[in-house]
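**Student:** Single-letter residue listing:
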Amino acid sequence: MTGIPGRPLAHVLGTAQVPMRTRLPDYTYADLLGRVAYKAIADAEVEARDVDGLILAMSPTTPLGLDEPQYWGIAGLPGAHRFLGRVHILAASSLAAFRLACSYVASGRKKRVLVVAADLADEVPSLTGALGQLHDPFTDKQVVRNAIVSAATQMAVYMARHKLSERIMAEVVVKNRGNGVLNEYAQLRQAITLDDVLNSPVMTWPMKRLDSSPRSSGAAAILVGDEPVQPSRTAVTATGFGSYAGGRFVGSRMVPEDSAYFDGSDLAEAANRAYATAGISDPAEQIGLAEVYASFGILELLSIEALRLNNGGNAAELIRDGRFHRNSALPVNPSGGATCGSPISSTGLIRVIEAVTQLRGEAGDRQIDVKTPRAAVSAIAGAFQTHEVGILEA
Amino acid sequence: MRPGAVIAGCGWKLGRPFPDRLDVVIRQAVLAALAESGLSIDDIDSFVTVAGDTLDGISVPGRAEVAGNYGRRYLNVPSSAGHGLGAAVTQIEAGEAKNLILVGWGAATKYGAFDPRRNQADPFYARPIGASPRVVAALQANEILDMPGMEKSALQSYADAMAQRAWDGTVAPEAGAAPAWVRTGFCDGAVAIVLRRASDGKPGVAVSDFASISRAYSPEDDRLDTAEWVKEALSAMSGRGYTDGTEFTVIEAAAPTPIAEARALSALGFASDTDQGKFNPSGGGATAHFGQATALRQIAETSRRLAAGSKSSSRRPSKGLVLDLTGPAGQHTTAIMLQAETVQ
Chain A
1 MTGIPGRPLA HVLGTAQVPM RTRLPDYTYA DLLGRVAYKA IADAEVEARD
51 VDGLILAMSP TTPLGLDEPQ YWGIAGLPGA HRFLGRVHIL AASSLAAFRL
101 ACSYVASGRK KRVLVVAADL ADEVPSLTGA LGQLHDPFTD KQVVRNAIVS
151 AATQMAVYMA RHKLSERIMA EVVVKNRGNG VLNEYAQLRQ AITLDDVLNS
201 PVMTWPMKRL DSSPRSSGAA AILVGDEPVQ PSRTAVTATG FGSYAGGRFV
251 GSRMVPEDSA YFDGSDLAEA ANRAYATAGI SDPAEQIGLA EVYASFGILE
301 LLSIEALRLN NGGNAAELIR DGRFHRNSAL PVNPSGGATC GSPISSTGLI
351 RVIEAVTQLR GEAGDRQIDV KTPRAAVSAI AGAFQTHEVG ILEA
Chain B
1 MRPGAVIAGC GWKLGRPFPD RLDVVIRQAV LAALAESGLS IDDIDSFVTV
51 AGDTLDGISV PGRAEVAGNY GRRYLNVPSS AGHGLGAAVT QIEAGEAKNL
101 ILVGWGAATK YGAFDPRRNQ ADPFYARPIG ASPRVVAALQ ANEILDMPGM
151 EKSALQSYAD AMAQRAWDGT VAPEAGAAPA WVRTGFCDGA VAIVLRRASD
201 GKPGVAVSDF ASISRAYSPE DDRLDTAEWV KEALSAMSGR GYTDGTEFTV
251 IEAAAPTPIA EARALSALGF ASDTDQGKFN PSGGGATAHF GQATALRQIA
301 ETSRRLAAGS KSSSRRPSKG LVLDLTGPAG QHTTAIMLQA ETVQ
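Protein chains in written order, with this note's numbering: chain A, 1 to 394; chain B, 1 to 344.
Treat the hints as calculated values from the structure; they're not laboratory data. All values reported here derive from a predicted model rather than from experimental measurement. Don't take each hint at face value.
Claimed, not checked - Straight line, CA to CA, 20 Å or less: simulated SDA-like cross-link-like pairs of lysine to any residue: (1) B:98 <-> A:108; (2) B:98 <-> A:272; (3) B:231 <-> A:52; (4) A:111 <-> B:232; (5) A:111 <-> B:236; (6) B:231 <-> A:149; (7) A:111 <-> A:81; (8) A:111 <-> B:209; (9) A:111 <-> B:4; (10) A:371 <-> A:329.
To be verified - If you want a taste of the chain B side facing chain A, the calculated C-beta under 8 Å gives, among others: (11) 47; (12) 64; (13) 72; (14) 78; (15) 79; (16) 87; (17) 90; (18) 91; (19) 93; (20) 242; (21) 246; (22) 328; (23) 332.
Glycine residues also receive a C-beta, built at the ideal position from the N, C-alpha and C atoms.
Produce the complete structure using the sequences and hints provided.
**Tutor:** Shown next as structure tokens:
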């Protein structure tokens, strides 16, 4: 359980992101960090000198091509002289960093903490190759498995368990790509059809290219604080977090006693911890929108179920029937999600930013009708191993 | 008033290199810390690791599980031991964690033969500029040597004495072309610290305060003076001004090189010819350096000394100070104040 029940952890004061692209050739890594950092404090209408803590989320450094960005990337950023550390938990890095920033505020040690993250995915010739270099410390060998193979395995099992066709499995990506059309920050802004997905190249059966996120560069920043600073703006507060570190070996989570790899039960544990702190007992009723990390469509299906947003029924068929779409009672990934752009270090912050923007009613063309002013955000690290869930309320 | 955090147990191991695999040693450190704390793994609700990018070859989820974390909250803060401790203490103070294991490691012996960290970067172009940590350390040494009290002979004595302490006289200082006072004594290390909420009345060593200050790779003021960074960190502790060090019974520092470390300690009155064992009884971090997690050993050793002192005297609580200077020049500086809770 995270936090003290009933007590807000921190207020979101300002947010910023840049449009995600395959390449951002006009920016260096440091440029990107600086751009979003100063945009975030401008959004909050505070001065750089008012920031008394800085956290960098950066993981992994392989795509960046340079090591240890905490020594050079933070130069000149607000709060850099009060640097609180770099958080590195793969794609969960920035949501975990956001949680840590809220902890610093909730503990009373800091008043305003800035979290920044940036990714330049064009520094290595093959991001897939770089990320595929998974390492087993016990056999001391590279593991012949990467994120695509891992997610394809989950997808195949999900289809078999629920007796679903590839066409139904494609519904989630079609929904998200439609949402991405309206998002000026999305990297992929073209709507696609079920046939487009089914006819795209198979990467590892049943995973097709359009089931997957693109290779993305991007950046995001969020400033949190102990009290709201803009009286005329809708206040958004972080009210709960849950974290759950699952097992290293995928095989150990494919057995009857522990099927977390296929049913998302580890993520469900993280969600339960967040719900307990935020006082949520019926998430399908008490949550008005969700932004879940899903670099592959299957991850969104498992996340919806793990977060108990589905009220029974499998998420794939519910999406086919219109649930979780942008005009539904509980939209999931109204931003388009990670399948419209997935800078690894920043993706958790981007989930939070979309939730905050929607809760404030500031999403412009992509604004949804938020029926319950409470959002769930989630992130997953590694091969469905480490999980983070956060709850935000307006 | 926020509930404080208390160090309940520690375990660590150093090697040049480790005779066992890194994951085995990490588990040994965690089990030793748990045994000293009187807690079991079932009592632990959170883990924080200080596990760097290039020092272990273990994937991030692997790092969590190697440390014994399955099903618990997790953070990996690889940038420094001080940052890791800050994340751990803050979670306890915020009410998020009750019993937490902070564990860090690094297999840095290999850096003694070849240090691959050539990617120190120019922040404006984000491209390597060919400056290795050794080059940065040399630039820093050049600046520090011009400062009062930083004579080469005294620094040589300091480096030799620290190496003897760190390795209990059993490991000779490394030979090399560079003077010992500008060399990093790389080794393998793993340290685990069990922290718990202070409000349950059990004895322990309180983390009474801490503060981090930082400079980026290229400090805006062009200064690489670790003493100035230490003074700034001490002043940043809650409601405190700069201290001259007299209130502490033990002061430990971990910096990348002996000269950076000695200069850091000079901010607190240290002079190598008058050292009576108050400064760096562990031997410091420069001569037993295993990457960003190095200062966890200084935290652990200081905690254990304070705990032992509190058992021997019921009259006067002992205070300790740990200075963590991480980075090629030690530019991520954290000051950590520890205080023994007296056993009545």
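**Student:** Please go over all the hints and tell whether each is borne out by the structure.
**Tutor:** To see whether the hints hold, each was checked on the structure:
| no. | hint | result |
| --- | --- | --- |
| 1 | B:98 <-> A:108 | 17 Å, holds |
| 2 | B:98 <-> A:272 | 18 Å, holds |
| 3 | B:231 <-> A:52 | 18 Å, holds |
| 4 | A:111 <-> B:232 | 19 Å, holds |
| 5 | A:111 <-> B:236 | 14 Å, holds |
| 6 | B:231 <-> A:149 | 52 Å, violated |
| 7 | A:111 <-> A:81 | 15 Å, holds |
| 8 | A:111 <-> B:209 | 17 Å, holds |
| 9 | A:111 <-> B:4 | 18 Å, holds |
| 10 | A:371 <-> A:329 | 7 Å, holds |
| 11 | 47 | 7 Å, holds |
| 12 | 64 | 4 Å, holds |
| 13 | 72 | 6 Å, holds |
| 14 | 78 | 5 Å, holds |
| 15 | 79 | 4 Å, holds |
| 16 | 87 | 6 Å, holds |
| 17 | 90 | 5 Å, holds |
| 18 | 91 | 5 Å, holds |
| 19 | 93 | 4 Å, holds |
| 20 | 242 | 16 Å, violated |
| 21 | 246 | 26 Å, violated |
| 22 | 328 | 7 Å, holds |
| 23 | 332 | 7 Å, holds |
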